[in-house]
Amino acid sequence: MPAKPQFHETIHAPTRLRLCAMLRPLDGADFRVIAETLELSEANLSKTVQNLVALGYLATSKQASPQRADARRTTSVKLTTLGRRVFDEHLAALRAMAEHE
Amino acid sequence: MESNYDARDSLSAVETDRERLGDRMTAETHWAAPAQGLAAAVLIGAPAAGIPGVFVVLAVGIMLFVGIEWAFRRRSGLSISRPAGPRGMALLVLLTVLLSGLGMVSFALWVFDMAAWILPVAVVGGLLMALGVRAYDHTYSDEVRRAR
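Chains as they are written, first to last, in the numbering used here: chain A, 62 to 162; chain B, 256 to 403.
Because the hints were derived from the structure by calculation, they are not lab data. Note that the coordinates shown come from a computational prediction; the quantities given were computed from them, not determined experimentally. We treat Cβ as the ideally placed atom computed from N, Cα and C, and that holds for glycine. Watch out, some of these pointers could steer you wrong.
Facing chain A, from chain B, some residues (calculated, C-beta under 10 Å) [to be verified]:
{"#": "1", "residue": "Ala262"}
{"#": "2", "residue": "Ala268"}
{"#": "3", "residue": "Val269"}
{"#": "4", "residue": "Arg273"}
{"#": "5", "residue": "Ser331"}
{"#": "6", "residue": "Arg389"}
{"#": "7", "residue": "Glu398"}
Below, a list of computed lysine to any residue pairs in the SDA-like style, where the Cα atoms sit at most 20 Å apart [said to hold, decoys possible]:
{"#": "8", "chain 1": "A", "residue 1": "Lys139", "chain 2": "B", "residue 2": "Leu382"}
{"#": "9", "chain 1": "A", "residue 1": "Lys123", "chain 2": "B", "residue 2": "Glu324"}
{"#": "10", "chain 1": "A", "residue 1": "Lys65", "chain 2": "B", "residue 2": "Arg263"}
{"#": "11", "chain 1": "A", "residue 1": "Lys139", "chain 2": "B", "residue 2": "Ser336"}
{"#": "12", "chain 1": "A", "residue 1": "Lys139", "chain 2": "B", "residue 2": "Ser334"}
{"#": "13", "chain 1": "A", "residue 1": "Lys123", "chain 2": "B", "residue 2": "Gly332"}
{"#": "14", "chain 1": "A", "residue 1": "Lys123", "chain 2": "A", "residue 2": "Thr141"}
{"#": "15", "chain 1": "A", "residue 1": "Lys139", "chain 2": "A", "residue 2": "Glu103"}
{"#": "16", "chain 1": "A", "residue 1": "Lys108", "chain 2": "A", "residue 2": "Gly89"}
{"#": "17", "chain 1": "A", "residue 1": "Lys123", "chain 2": "A", "residue 2": "Arg146"}
{"#": "18", "chain 1": "A", "residue 1": "Lys123", "chain 2": "B", "residue 2": "Ile335"}
{"#": "19", "chain 1": "A", "residue 1": "Lys139", "chain 2": "A", "residue 2": "Asp88"}
{"#": "20", "chain 1": "A", "residue 1": "Lys139", "chain 2": "B", "residue 2": "Arg263"}
{"#": "21", "chain 1": "A", "residue 1": "Lys139", "chain 2": "B", "residue 2": "Arg400"}
{"#": "22", "chain 1": "A", "residue 1": "Lys65", "chain 2": "B", "residue 2": "Leu266"}
{"#": "23", "chain 1": "A", "residue 1": "Lys139", "chain 2": "B", "residue 2": "Arg279"}
{"#": "24", "chain 1": "A", "residue 1": "Lys123", "chain 2": "B", "residue 2": "Arg400"}
{"#": "25", "chain 1": "A", "residue 1": "Lys65", "chain 2": "A", "residue 2": "Gly89"}
{"#": "26", "chain 1": "A", "residue 1": "Lys65", "chain 2": "A", "residue 2": "Ala154"}
{"#": "27", "chain 1": "A", "residue 1": "Lys123", "chain 2": "B", "residue 2": "Trp325"}
{"#": "28", "chain 1": "A", "residue 1": "Lys139", "chain 2": "B", "residue 2": "Asp272"}
{"#": "29", "chain 1": "A", "residue 1": "Lys139", "chain 2": "A", "residue 2": "Ala120"}
{"#": "30", "chain 1": "A", "residue 1": "Lys139", "chain 2": "B", "residue 2": "Arg275"}
Facing chain A, from chain B, some residues (calculated, C-beta under 7 Å) [stated by the list, open to error]:
{"#": "31", "residue": "Arg275"}
{"#": "32", "residue": "Gly332"}
{"#": "33", "residue": "Ile335"}
Can you build the whole structure from these sequences, using the hints too?
Here you go:
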């Protein structure tokens, strides 16, 4: 069922929107891969992720990484059900706006 | 209020990112598709091992599939468990039916004492599965790029 167009200010900032758009077709992605794909600094991405987690749009989990020699763990990020709904509504709103010249 | 120009800019940025994501999704196909073809061939050919060897070979085939999935997630950094669109779903159903069907053919060949034919069936099944997985990955990538 197509999403109802609704503009969400909370998700419209470019980095927030691009992050949600990348995660939408996935179950999740590693923090490092998101930063590489979106060409964002880790600091910028980290702040954006924290803000969207606080809004309930994203969830994070940490796991041990066989790729790291130290004890640090990798972070995986995914959209929540609420995040998916808000993103779909916002994307539909953007498309409606773009079509109405 | 946002202008139409801002909306088009935002949509353009999303499309560019999805192009990159699509590229990343097919970056592992060169090894993952043949590996999954091999795992499928092992599963299809399992009855040739007779009893009780068939259970060991089936376990090896399943472990191969699980190991390939684990390696894909580790190398790509992406977690995917469902098709991105209707064409991907159709291909997934087709591959599942193919694997199950050839598995049953292989079992029937064993039951009717024609075990010599199991190996050719497994080889053909493995090749078809490798080609099918390659097609699935490219379809997934394409459907992510065109996602509405």
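Results of checking the hints against the structure:
no., hint, verdict
1, Ala262, "holds, 4 Å"
2, Ala268, "holds, 6 Å"
3, Val269, "holds, 4 Å"
4, Arg273, "holds, 7 Å"
5, Ser331, "holds, 7 Å"
6, Arg389, "violated, 19 Å"
7, Glu398, "holds, 8 Å"
8, A:Lys139 with B:Leu382, "violated, 34 Å"
9, A:Lys123 with B:Glu324, "holds, 19 Å"
10, A:Lys65 with B:Arg263, "holds, 19 Å"
11, A:Lys139 with B:Ser336, "holds, 13 Å"
12, A:Lys139 with B:Ser334, "holds, 9 Å"
13, A:Lys123 with B:Gly332, "holds, 13 Å"
14, A:Lys123 with A:Thr141, "holds, 16 Å"
15, A:Lys139 with A:Glu103, "holds, 17 Å"
16, A:Lys108 with A:Gly89, "holds, 18 Å"
17, A:Lys123 with A:Arg146, "violated, 24 Å"
18, A:Lys123 with B:Ile335, "holds, 17 Å"
19, A:Lys139 with A:Asp88, "holds, 6 Å"
20, A:Lys139 with B:Arg263, "violated, 26 Å"
21, A:Lys139 with B:Arg400, "holds, 19 Å"
22, A:Lys65 with B:Leu266, "holds, 17 Å"
23, A:Lys139 with B:Arg279, "holds, 17 Å"
24, A:Lys123 with B:Arg400, "violated, 28 Å"
25, A:Lys65 with A:Gly89, "violated, 24 Å"
26, A:Lys65 with A:Ala154, "holds, 8 Å"
27, A:Lys123 with B:Trp325, "holds, 16 Å"
28, A:Lys139 with B:Asp272, "holds, 16 Å"
29, A:Lys139 with A:Ala120, "holds, 5 Å"
30, A:Lys139 with B:Arg275, "holds, 18 Å"
31, Arg275, "holds, 5 Å"
32, Gly332, "holds, 3 Å"
33, Ile335, "holds, 6 Å"
Hint violations for this structure: numbers 6, 8, 17, 20, 24 and 25, all remaining hints satisfied.
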